Amino acid sequence: MSPTTLPAGPEPGHVTFLGAGPGDPGLLTLRAVEALAHADVLVAEHEVLDVVRTHARRGVAEVHTDPDPSGGPVPGTGTPQLAVVDGASTAAGVPAVRDAAHLVMEAARGGRRVVRAVSGDPGLDTYAAEEMLACAAAGVPFEVVPGIASATGVPAYAGVPLRDAEGADVRFVDARTASDRCWTEVGASDGTVVVSTTLDSVAAAAGELVSAGRKPDTPMTVTVGGTTTRQRTWTATLGTIAQTLKQAKVLPSPDGGRPVIAVVGERSAAARRDELSWFESKPLFGWKVLVPRTKEQAASLSDQLRSYGAVPHEVPTIAVEPPRTPQQMERAVKGLVTGRYEWIAFTSVNAVKAVREKFEEYGLDARAFAGIKVAAVGEQTAKALIAFGVKPDLVPSGEQSAAGLLEDWPPYDPVFDPIDRVFLPRADIATETLVAGLIELGWEVDDVTAYRTVRASPPPASTREAIKGGGFDAVLFTSSSTVRNLVGIAGKPHNVTVIACIGPATAKTAEEHGLRVDVMAPEPSVLKLAEALADFGTRRRTAAIEAGDPVTRPSERRPGSRRRRSTTS
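With the sequence shown counted from 1, adding 16 to any position gets you our numbering.
Simulated from the structure, these hints should not be mistaken for lab results. Take these hints with a grain of salt, some might be off.
[As the list claims (entries may be wrong)] Result set (BS3-like, lysine-lysine): computed pairs, CA atoms no more than 25 Å apart in a straight line:
| no. | residue 1 | residue 2 |
| --- | --- | --- |
| 1 | Lys350 | Lys304 |
| 2 | Lys298 | Lys350 |
| 3 | Lys524 | Lys399 |
[Unchecked claim] Computed beta-carbon distance windows for the label pairs:
| no. | residue 1 | residue 2 | range |
| --- | --- | --- | --- |
| 4 | Glu562 | Pro520 | 29 to 35 Å |
| 5 | Pro520 | Pro270 | 25 to 31 Å |
| 6 | Ala403 | Leu149 | 16 to 22 Å |
| 7 | Gly42 | Gly504 | 31 to 37 Å |
| 8 | Ile435 | Pro520 | 46 to 52 Å |
| 9 | Ser413 | Glu376 | 55 to 61 Å |
| 10 | Arg125 | Ser413 | 41 to 47 Å |
| 11 | Ser323 | Phe188 | 28 to 34 Å |
The structure presented is a predicted model; accordingly, all values stated were derived computationally and were not measured. Every residue gets a Cβ at the ideal spot worked out from N, C-alpha and C, and that includes glycine.
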């Protein structure tokens, strides 16, 4: 008699306890990004959800802690409340359980891969430790991906090294759970103390240290919003920190419960923070910059703005639609395949997209460009072509514009060029500069409307109010049409907003619409425009410091205050 085979139960899933760091998305480790890309279920604290969800795969089930501050821990469990926040979670079979440990284990059953993301490092998170023990008891396999702890990452971003050449002791204290014995021990030490607390409890923590034996004149730095563009740091002493925060109008505040990191000690480099403050001294630190382009168009520009400390906000001002009469485009694509053209010139990412879509409609791919020379007006257009599988033969070596392309374009030579025709797919409102220049070089040009540009729909009401009310620190205009369209769909930027234009023609259009131009790029390039704005921010910051004034953002000026005209040209 053969033995009875029992049906196997579902394979257990897997849980990754992941440290999301103190707030800067760039501080996620490579292993963390890899784990997020393979997760079926993402369980995250509310404050780190935006940091980790960017790297999660499409369709991942999301669960996060209840953002309602009145929620608190589930009674009797000591664990944070969690709630299913999207339909995908229910579809994935994630129960609406509010106890985090049970939720993580339930999500892992049935073979699902779960990422449990916490702020900072999971090794320093009490709740994460409890959840790991629960997984171990239930036989659910798990791993830990360390993250940068707030207690070390925030001081680094604040320009406050924790140790010097003499190697002083460093003590870490969580003021929210510290006992009297703990305060006594750190008070008796002369080392550096890193205190995790809340904004409205900083003064109380300072008082505990003084009572424990620290001198009132011991240097102290307090950082809120650490490693993010909301970061602010104040330097004082144990005895003066309460008055410093009051004078800075930080307290009393409804946000007093925000977590902060305080560093205390004679050798904590607090006195030299002005020299070491690399993050908050970025030229556009915390500036909210309006970029009137789509996310696809603005990718490299937004990345560059972030490197200067800015917070870019993309608002599309144009929408792209197919041409009203597609026959011309269809004939040109067929001519491309049959050998009608020697060159094809792309003057925008949208032109690449339009040709690619037409290729896909006909079942063609990048191989159809075999034997044809390809030109791109600039780096972004070239990247779009490379993503399509086409490496351009010509990209301007100088100015990235139609004029720059013509500078490098070879004249037609009947001996070396068997065909004298160029296919130019472009927008319906494009200028004639390139066409005229190519004809002058001896080429025949098929100037084809590949797409139409129309004014985009207005942005959300909150964005329109921010534009007109001075909520943005700067706006970058990359063409005359972006000026006209932004004013048309959202209204004129407030007079405190810094206006930056890519060139004289764009600046003239801005002035015609009643805007005063503060910054103009030295050459017509979006990256040079961002550089020029950063230079403006640096001069503005330096002027404030030299005058003994606080460094503020343009949006922090009083309504109606006048802006100085920039000398940038």
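Checked hints:
no., hint, verdict
1, Lys350 / Lys304, "violated, 46 Å"
2, Lys298 / Lys350, "violated, 52 Å"
3, Lys524 / Lys399, "violated, 31 Å"
4, Glu562 / Pro520: 29 to 35 Å, "holds, 31 Å"
5, Pro520 / Pro270: 25 to 31 Å, "violated, 47 Å"
6, Ala403 / Leu149: 16 to 22 Å, "violated, 47 Å"
7, Gly42 / Gly504: 31 to 37 Å, "holds, 36 Å"
8, Ile435 / Pro520: 46 to 52 Å, "violated, 37 Å"
9, Ser413 / Glu376: 55 to 61 Å, "violated, 32 Å"
10, Arg125 / Ser413: 41 to 47 Å, "violated, 60 Å"
11, Ser323 / Phe188: 28 to 34 Å, "holds, 31 Å"
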